[in-house]
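The primary structure of each chain is shown beneath.
Protein chains: 2
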Amino acid sequence: MLVELVTTGSELLLGEITNENSRYLSKELNALGYSVIYHTTVGDNPQRMEQALRTALGRVDMVITTGGLGPTQGDMTKIIGARIMGLPLEYHPEIMDSITEWVAAHHGSRVLTENQKRQAMIPRGAVSFANGAGTAPGVAIQKNGKILVHLPGPPSEMRWMYKNRLKPWLMQHFKSQGYIQSLYIKIYDMGEAFIEEKLMDLVKGQSNPTMAMYARPGYVEVRLTAQAATMEAGQALLTPICKELQRRLQRTAVSYNNETIADVLGREITMRHMTVSAAESCTGGLVGSFITDVAGASDYFRGSAGTYCNEMKHKILQVSQETLDTYTEVSSQTAAEMAQGSRRLYGADIAVSTTGIAGPGGGTEEKPVGLVYTGVAGPWGTVTHKDVYPGDRMEVKRRAAVRAIYYIVQYILENSK
Amino acid sequence: MLVELVTTGSELLLGEITNENSRYLSKELNALGYSVIYHTTVGDNPQRMEQALRTALGRVDMVITTGGLGPTQGDMTKIIGARIMGLPLEYHPEIMDSITEWVAAHHGSRVLTENQKRQAMIPRGAVSFANGAGTAPGVAIQKNGKILVHLPGPPSEMRWMYKNRLKPWLMQHFKSQGYIQSLYIKIYDMGEAFIEEKLMDLVKGQSNPTMAMYARPGYVEVRLTAQAATMEAGQALLTPICKELQRRLQRTAVSYNNETIADVLGREITMRHMTVSAAESCTGGLVGSFITDVAGASDYFRGSAGTYCNEMKHKILQVSQETLDTYTEVSSQTAAEMAQGSRRLYGADIAVSTTGIAGPGGGTEEKPVGLVYTGVAGPWGTVTHKDVYPGDRMEVKRRAAVRAIYYIVQYILENSK
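Keeping their order, the protein sequence lines are chains U and G. Start counting at 1 in the first sequence, then tack on 1, and there's your number in this note's numbering. Start counting at 1 in the second sequence, then tack on 1, and there's your number in this note's numbering.
To be clear, the hints were calculated from the coordinates, so they are not data collected in a lab. Note that this is a predicted model, so its numbers are computed, not measured. One should not assume that every hint holds.
You can't tell identical chains apart in this list, so a pair holds if it fits in one copy or across any two.
Unchecked claim - In silico DSS-like links for lysine-lysine, alpha-carbon gap of 25 Å or less: (1) Lys387 <-> Lys368; (2) Lys316 <-> Lys205; (3) Lys164 <-> Lys316; (4) Lys118 <-> Lys199.
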């Protein structure tokens, strides 16, 4: 079944908030096997709202709106929806009672405004969904083979209404849409185009499963999606491709689904009962922060020495003055000594270091903004990497930090069984 | 001028990411006085994409697309846009050269895939925007009184292209749209309700400027918006309110517009020719990372000592074993000694420390998850703060890091003229 989400509210068109409702409903509905093929956002303008709803009902089977069900004059979604579907609005005293109770319980007043009473108006013959997280009831209208659903706009209310009202209603009234299984693979050391050449033949010309690729800060994400009648059947379509992919990307650290590279580090380090530490210059602490985003990191992470100035690189990490004078702080030599210094200082098995030019200033002809040296020191010696990252200061820091953690994992995978 | 944003990519329709591009462009374009009246999201489906673009061009003056300019087969936006506008695509060797250079600089290879060559195809007569943050050039087509703009999809590339290419182009080629001036004030130590009481009478009953308030992680954001024919006129509406607001929030650190609390720290520290350092346990390096997000931080930031385990708190920061044994690492005493230790280690004027329980594990009856002690040590003595932050592990880290930087600023404002 094809679905369009129509979200309303000038907050979205003014760019004050991101459209979290569309993201949430898309993820939920796709998992149920519905195909969300359009998102539309329109403001509190009756004509445009009506046009948007008519367009949507003309090109999909089910339209779900969020927002515009509140008690204020601007809230008109339900009224316009009823007009388009050719249904009169009818007052439901029992809905009014539950609204009154909710207001009493949460605002301690039993006196309702005229506007609040409008919330108890429901299109004739429509299903109304009682709202357990607010006052505005949801509505579902079925007519001429089309379904029009209205949900409230505040994300917490909307999520409550979906989970407790719309989802059960959909599962009860419409036969299973089948399931969509997705597998996400994050690859940290190859470009999009290169990966496509490496993997595309796996799904070339196939419509099930399909492959898609996204450039993310510091890595590329590959998505494999299979559609099947059951979850098991979907998994059965993905497993062989996943195996082949692992074979082709052998020795390359990848993470799956919601795993971050810091999760992979935690897994690989814990498996080997090792500890890790860091020394950060241009990343300023972001490497340590990413590593400690993982619950339980305290079991293997000793800490990160932020040495933002040369004096501290020398004093805390014992980077030799000679190295700093000869090669400057942005060099593979300094990166190497920083990693070795962090390893000594924290008594860690493996230490990683970053030193570079995050920008916007400080770049030169031979040392441009985005140039970052990463060092990894451990039981198998010290290795350094040189990268030039695109993007602004925060982007460079982020890419450098993600990559630094990747280089630790790579160091482990290449040297240890 | 009426604008529609058409964002592409099945990742949006699958609910894998929120639509950050639409939020960013809406905010920027509204500030320039353009009216963004529709957001549309469509997947990598040629027919639907064409339909969405035709619909958009039929109802607004300017359509801006993001996504679908990459080197993979799925990337088709530019091709469909050119077809709709009736323009042939032409190969531009000079664009190919810059792409080749970029790939060489960032992936160390001069060999391009066939797919990458497609990025150098530009619709005849279109303006092409060289991409300084990636390979895909942007495109702007003007025909029959309509404007069609294509920008790349990855948010960092898209932002770079808007700031450095599209925005200047718009300001040069189109007369002023009238201006919407917004002033954003971030307040770090008061709740929404309290702030509303303090400020709401300033704009009560006014429609220009208007005030809105949003709860953000670690602070509350107040938005004042004025509409006027010129920037000066808009500013003239906001200035008196801003002045009054500064008077009412005296001695409370606030940041304006895109300023972060780390920007404020940089401003206040630089003004006083002071230096700052940190010592981090539960924030894992995020305080140092936030401070170094500010360009030029190297002038006043000495570094952050990540001491994730007690042994390092003692060894690197000289937190006394007695303190750790008597009060544990999550205590105001430890926070105080950590800050003093960091100040000594880095020879900084002021040092901040964080120690707490980020969760999900480790919480107890009297020391729950979210409990964080912050210490500030400097020329005016040592102060500590105790907070309990809501949210998951990353949420707690984020709130604690933002607040820690705020506490440094507060320490400076309260003690120094």
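Comparing the hints with the structure gives:
Proximity of Lys387 to Lys368 under the C-alpha cut-off of 25 Å is restricted to the intra-copy arrangement: shortest distance 11 Å within a copy versus 44 Å between copies. In the homo-oligomer, the alpha carbons of Lys316 and Lys205 never lie at most 25 Å apart, since the shortest distance is 56 Å inside one protomer and 57 Å across protomers. Within a single copy, Lys164 and Lys316 get their C-alpha atoms no closer than 47 Å, and across copies no closer than 41 Å, so neither meets the 25 Å cut-off. With identical chains, the CA atoms of Lys118 and Lys199 are at most 25 Å apart between copies only, with a shortest distance of 18 Å across copies and 59 Å within one.
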